[in-house]
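A.B. asks: Protein chains in written order, with my numbering: chain A, 1 to 435; chain B, 1 to 547; chain C, 1 to 257; chain D, 1 to 187.
Note that these hints are calculated values from the structure, not bench results. Quick reminder that beta carbons are idealized off the backbone N, C-alpha and C, glycines included. Honestly, I wouldn't trust all of these hints.
[Claimed, not checked] Counterexamples of contact, computed for chain C against chain B with all Cβ distances above 12 angstroms:
1) G176
2) T195
3) A206
4) E209
5) G218
6) A225
7) D229
8) E243
9) R249
[Stated by the list, open to error] Computed spacing ranges between beta-carbons, pair by pair:
10) A:V277 with D:A19: 52 to 62 angstroms
11) B:R490 with A:L315: 53 to 63 angstroms
12) D:R147 with B:Q397: 33 to 43 angstroms
13) D:P142 with B:E361: 47 to 57 angstroms
14) B:M501 with C:N61: 27 to 37 angstroms
[What the hints assert, rightly or not] So these bits of chain C aren't anywhere near chain A, every CB distance computed over 12 angstroms:
15) A10
16) D60
17) A88
18) A94
19) R115
20) P122
21) A137
22) V154
23) M174
24) A183
25) A211
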Amino acid sequence: MVRLTGKLADGQFITRGVSRCSTERFLLWLAPWVALLVFGVYCAGLCLVKGLNQTNMDNRFVFGLWIFVDLTIIALGAGAFFTGFLLYILKFKELSAVINSAVIIGLVCYSGAMAALMVDVGQPLRCWFTFWYPNVHSMLTEVTFCISCYLAVLAIEYLPVVLKNRRLKEIPSFLVFEFELHKLIYVLAGVGTFLSFFHQGSLGGLFGVLRGRPFAFREGLMVWPSTFFLFILSAAAVGPSFLILTTWLVEKITHKRLVKDQVFQLLARISGILLCVYVLAKAVDTLVWLNRTSPGLGFEAAQYYDWKPFGTWILFAEIVLFGLLPALILITPGLRARRGWLIPATALACCGVALNRFVQTVQTQALPTLSFDRFLSYSPSWQEVGTFAGVLAYGVLVYSFSFRYSQVFPEERELKAARVMRLEIPEEELVEAGR
Amino acid sequence: MAGAVLTPAPWRLITDTALWSENWPGVPRPARGEIRARFTTCALCPAGCAVRARCVGEQPVLLTGVSGGLCPFGLSAHHLPYHPARLRKGPVAEATAAVAGKAGQGIAVLDLNPGRTASWSYRRAMGAMKGAYLTPQAEPFAYDLSAARTVLSIGTPLLDGWGTPSKVNAARPNFRLIQAEAMESRTAMLAEQWIPIAPGSESAFAKSIPQLEAARELSLVLGEGPEIAEINQRIGAFGKTVFGRSEAVVPETWTREAAAVTAFADVPDHSIAVLLIDETPATSYIPWHRIEQKLVRDNPVVVTFAAHRGGYARHAQFALPTAMYPEVLDDVAPAADAIRPVFRLAAPLVATPTGVVSLAEFVGTLSGVPVANVLRERADAIHHAGQGTLHTYADRQRTAVKELTADAFWKGLNEGGEWTWEDAKPRAAVMNRAEVRPVEPVESPADLPLVAISEPHYAGLVSPLLTKLYQESNLLLAPNRIALHPKDARDAGVVDGGRAMLQTRLGKCAVEVTVDAAVPAGAVQVGSAPGIQDVCGHAARAKVVSV
Amino acid sequence: MIAQGKTNVAARYGMSIDVDRCNGCGACMVACAAENNVPPAANGATERTGLTWIRVYRVDNGGEGNERRSAFVPMLCQHCGKDAPCVAVCPQQAVDVDPATGIVGQMPERCLGCRYCMAACPYHARSFNWSDPAWPAGMEKTLNPDVAPRMRGVVEKCNLCQGRLHTAKAKAAMAGRVEIDPADYVPACVEACPTRAIHFGNLNDAASEVAQESHRKGSFRMLEALHTDPKIYYQSKKDWVRETASAPRPGKENARG
Amino acid sequence: MKLRGPIVFLAGVLVALGAGWAGFPRLIYQTRRQPVDFSHQVHAEKAGAKCEDCHAYRADGSFAGVPALDKCSGCHTAAMGSTVAEKNFIDQYVTPQREPEWLVYARQPENVYFSHITHTKRGNLKCEQCHGNQGASNSLPPYQQDRISGYSRDIWGHAGRPAMTMDACVACHRQSHLEHSCLDCHK
């Protein structure tokens with residue numbers, strides 16, 4: 001009896017016209033992720049209570065797994081701002097099909113990154129110092145300001161997604177609030193776009209400004225090194241790819257069609273074009289750096305690739321394998337129309353941006369700067385991996401809840417209706433759909 | 001919310017939490033007080049460097065040299081009273097009873113820091129009890145670097161804490177140094193010439209010196225082993241750079257009462273029934289198996305007077321806690337380059353801990369020889385002789401002893417001062433031909449492929465801050481470490497920073513491994529920990545096994 | 001209100017380290033730790049997780065066997081010029097260059113522990129407090145009252161014994177002087193060095209030993225091509241030692257162990 | 001009906017204001033008593049003591065702060081007046097030679113370096129400029145200790161006292177163009 005009411009209550013929150021799995025299955029799906037989240041919180045707690053000696057970071061590898069993950073997930077989460085930019089500013093109306101998903105992914109990535117950052121710093125209690133005593137010359141100040149502001153924007157953007165829940169909609173003041181919020185969405189999108197363009201750049205600048213690390217140092221425009229712009233470009237290019245990848249993944253997991261194919265095609269085209277531009281810019285940047293910037297600081301670029309395992313293959317992988325190749329697939333309409341090409345290409349593009357962030361952070365720290373210094377290696381401790389796993393679990397949980405109880409994909413109902421008409425659907429599924 | 005923001009509460013709270021992050025439990029607060037300087041002499045090794053202690057109230061917080069620097073061990077000696085490995089209590093009554101129970105059987109004192117006034121107390125007590133007074137090796141010579149032009153050193157750490165570093169540094173610009181050593185040691189690095197020799201071949205190299213091209217120019221040869229004195233005599237160093245070691249005046253009665261000095265190696269096997277060891281502050285360590293060899297088979301009694309648990313306290317039946325520099329008044333033995341008499345007192349900088357015993361008092365009580373006031377007696381004897389000058393550290397004044405009263409002389413020594421007799425005539429060096437050393441049996445290289453190179457320094461107890469050199473950098477080889485050439489490390493299957501077992505014919509010892517290309521292939525550099533020295537001496541054959 | 005104190009002519013404190021004299025005994029490292037209340041190694045700390053404001057590196061010419069020659073190079077904060085790589089990156093102004101002394105200062109109480117400055121420093125002169133500082137029971141009595149112990153989770157580094165500069169200034173004020181007596185301000189490592197390999201002084205004072213040595217033949221600075229303008233000068237008569245100041249060379253992989 | 005929202009809001013604001021201004025200070029500060037009921041005024045007037053007589057400088061320019069018991073027992077071996085406070089002081093501290101554990105209002109955090117001599121001799125500041133009129137007070141104010149940070153409330157300059165916070169230091173240094181670097185005042 002209790003279970004039945006629970007089921008009913010749960011069902012009442014699910015959006016009308018879409019089908020969702022049973023409460024039991026949903027709970028079963030949640031269980032491992034909750035366990036992982038608990039483990040992640042435990043790991044993070046260890047680091048906070050006992051100190052960062054719980055990690056394998058050290059005075060030479062001052063940043064570890066977390067900075068790499070933070071940079072990567074923020075780059076992947078760029079789909080949020082870029083889709084918003086395309087939809088609200090450049091008026092690509094088709095993208096309203098994925099904007100909610102993009103916002104959720106953005107929120108998850110940004111809040112996850114912030115959470116990891118709070119564990120990563122030695123004195124989390126002093127985090128407000130950055131706002132109170134900011135050093136305006138520091139890229140990290142820019143990053144902190146922009147990320148926290150943008151996180152606030154994302155949270156506001158996420159509110160309508162929550163408020164679209166069937167039961168919450170019944171509360172009139174929420175409806176009014178949502179309506180008011182909707183009027184603001186263009187402003188929010190504008191502000192969000194500016195903030196996130198800026199901090200993607202600042203994240204790029206983070207290592208690009210390190211004059212003492214010629215492997216990462218880049219020349220640039222005004223105060224910003226070239227990586228500032230490359231990071232914006234790569235994040236913008238890969239954001240839509242990641243959106244395709246996640247949407248496809250959700251479709252596979254839920255066995256549903258959620259988005260029309262032309263949306264995928266549009267995203268893929270945008271991603272492909274931007275990726276082409278990025279690869280070109282990256283290639284030019286690399287050549288300038290190899291031949292001018294680095295030798296200018298007394299560092300012959302050849303020595304960077306002397307240290308195993310980071311040979312020149314890593315350059316090739318970054319630019320050609322994970323850059324040019326997916327770019328070419330994504331701009332070729334015949335190839336991207338087929339899932340067998342589209343999905344691997346988006347995956348490659350995502351790997352490319354991850355590799356780029358890896359090279360910028362981890363490889364930079366591994367390479368010696370003093371002639372009598374050694375090449376260093378680092379592998380994360382289980383506490384670090386656990387914390388990161390917790391962030392991942394948190395993301396999956398937020399997405400799962402949003403997907404179940406809110407209308408993440410507006411086209412889902414339409415596509416489902418089409419599917420029901422086209423196919424003979426077994427009865428029980430119809431019954432479930434009717435709930 | 002809005003209201004709360006307008007009150008001081010949230011702002012106070014975030015400020016307070018930030019302030020709390022500055023002084024949360026676990027961050028100690030240094031005591032404040034008046035800063036004063038006190039002076040003493042470092043008694044950790046015979047160099048006896050003058051020390052200026054910066055004190056807050058009575059508590060020393062920083063030691064510095066008076067003229068020039070100090071070695072890292074001396075610099076941090078004021079931490080030693082708080083070392084976690086300190087021995088703080090021991091079975092004094094039981095040890096006394098056990099020793100008394102063996103009355104009349106062969107008793108001996110092993111003095112690991114000979115040449116002090118306490119050493120005379122041991123000798124007098126042993127004289128009264130017909131016991132033996134033993135030192136690691138009878139070292140009759142003193143060397144004068146200031147008169148040397150070309151020095152050949154066979155593995156001596158000449159520029160790395162040998163003798164009196166300030167004297168060595170002063171003489172350094174005037175002599176050429178040739179260092180023959182298996183590894184490029186600290187001394188070899190700064191030497192004008194480094195002759196790499198095979199590890200363990202020091203003796204063979206010494207024998208070949210007369211054939212060397214540079215032999216004619218040599219003014220001094222330094223090294224271990226009986227052949228060195230002979231070579232020095234042959235190159236005419238005796239009377240120029242090699243002299244007999246000098247000691248400050250001792251009261252005449254002492255010399256009459258004292259037992260002779262016996263080198264430990266010269267003691268017949270299985271002859272000691274009661275062995276009393278003074279190992280603080282020790283400047284060398286004799287492996288336990290050598291000591292065991294000298295003890296009677298039937299129920300010997302070994303009592304060690306130690307400041308820490310790491311040395312003979314691991315083997316002896318009784319380990320009694322003893323005070324050490326800088327918590328006890330003691331004098332400092334003359335160094336290897338003391339060609340003229342010198343007398344220095346290490347006045348305590350902190351209070352002597354309770355519950356400690358001293359070997360001098362122990363044997364004094366046993367033998368009935370009065371030892372309570374020996375330092376003052378000796379200072380009075382020096383004063384009575386009326387030679388030399390007192391150099392006080394605080395004001396850097398030199399005063400002739402003749403101008404001082406006995407009390408003023410004593411006070412000057414206690415407040416940081418050094419008595420020297422600069423115009424004394426150095427004693428002539430006397431060849432001691434009777435010296436015979438046990439030769440290590442030749443071992444087969446097949447099962448023990450490596451040859452050991454041992455660290456020159458033995459520091460019994462070191463400040464916890466020495467982790468800066470041993471652990472937080474790889475500047476010094478930590479006492480419990482060994483270093484291997486990368487190739488040998490690969491063969492042994494061990495990695496840098498890993499753990500391993502060091503194995504010799506005498507036994508095994510757990511060690512940590514440093515992989516260092518500076519160690520020659522086929523050799524293993526071993527740390528100075530007593531545990532390692534117990535199984536692996538210099539030139540011993542060894543094997544490293546991964547665990 | 002406050003009488004306008006006569007402003008000192010800006011000093012540029014720096015060092016001149018004679019590599020040919022250093023015997024690698026480590027007295028500087030221990031003296032520095034004792035002076036600046038740096039705790040002993042926490043459990044399991046290694047050369048990469050330990051705390052030391054000055055580190056003596058053993059460097060070599062890369063030769064094998066008899067060809068091998070080594071030297072010791074003490075590395076501390078190089079106190080770069082105005083545009084020190086670490087200053088600009090700190091998000092909350094915990095790092096600054098004192099215009100009056102040229103000392104690059106690190107404020108542990110302002111530090112967030114983000115370690116960005118450590119990534120920025122090409123000399124690896126900074127250490128992070130990975131653990132709570134811990135001294136054996138009783139040893140906290142030996143702490144220097146002129147330097148505040150740091151807490152866990154912050155970055156620390158050499159500040160040329162700022163505590164001694166404070167004391168020297170107070171002494172000068174007591175005597176009614178404006179300028180400090182150079183003999184009153186000598187960092188602990190300089191004072192501790194048994195071979196007198198380190199000299200310290202004001203580089204802006206042409207008469208000082210360091211200023212003269214910095215212009216002498218054989219004087220060099222670490223990674224000069226980075227234009228960090230360090231105030232720590234080194235000198236050696238050996239060519240190969242001077243070459244260690246430049247960046248790693250291609251093809252030198254695994255030259256050291 | 002329309003007014004209900006704003007009323008609730010205002011009430012909330014008032015409650016929060018009250019809690020923040022009135023309740024919070026009681027909660028966060030713990031009041032501790034000084035060991036001795038000491039009167040600066042009596043010492044200044046009757047003994048004619050100047051600040052430096054008791055709060056002295058040492059030869060190296062460091063500041064000795066609150067005097068040790070030796071200084072007090074120089075005069076107070078036996079009662080000089082007839083107050084209860086003095087009698088208690090002698091009975092509890094002078095006779096058993098126990099150092100009173102004074103609570104120092106101006107005690108700065110461990111990381112602060114403050115040189116009195118530089119400020120009084122080179123800067124020509126009067127004691128009162130930072131310490132207020134402490135020297136003329138007849139009794140010691142209660143020592144209010146922050147429960148979290150452990151510092152005295154007086155540092156923050158409440159109730160008409162001059163503040164001794166970093167902001168106060170910086171303001172004065174900025175005014176006199178003596179603001180150089182963090183390490184000038186931190187250690």
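A.B. asks: Next step is simple, just say for each hint if it's right about the structure.
C.D. replies: Here is how each hint holds up against the structure:
no. : hint                                   : in the structure
1   : G176                                   : holds, 20 angstroms
2   : T195                                   : violated, 6 angstroms
3   : A206                                   : holds, 27 angstroms
4   : E209                                   : holds, 16 angstroms
5   : G218                                   : holds, 16 angstroms
6   : A225                                   : holds, 26 angstroms
7   : D229                                   : holds, 26 angstroms
8   : E243                                   : holds, 17 angstroms
9   : R249                                   : holds, 17 angstroms
10  : A:V277 with D:A19: 52 to 62 angstroms  : holds, 57 angstroms
11  : B:R490 with A:L315: 53 to 63 angstroms : violated, 31 angstroms
12  : D:R147 with B:Q397: 33 to 43 angstroms : violated, 56 angstroms
13  : D:P142 with B:E361: 47 to 57 angstroms : holds, 56 angstroms
14  : B:M501 with C:N61: 27 to 37 angstroms  : holds, 34 angstroms
15  : A10                                    : holds, 22 angstroms
16  : D60                                    : violated, 8 angstroms
17  : A88                                    : violated, 5 angstroms
18  : A94                                    : violated, 8 angstroms
19  : R115                                   : violated, 4 angstroms
20  : P122                                   : violated, 3 angstroms
21  : A137                                   : holds, 21 angstroms
22  : V154                                   : violated, 6 angstroms
23  : M174                                   : holds, 33 angstroms
24  : A183                                   : holds, 33 angstroms
25  : A211                                   : holds, 25 angstroms
Checked against the numbered hints above, the structure breaks hints 2, 11, 12, 16, 17, 18, 19, 20 and 22 and satisfies the rest.
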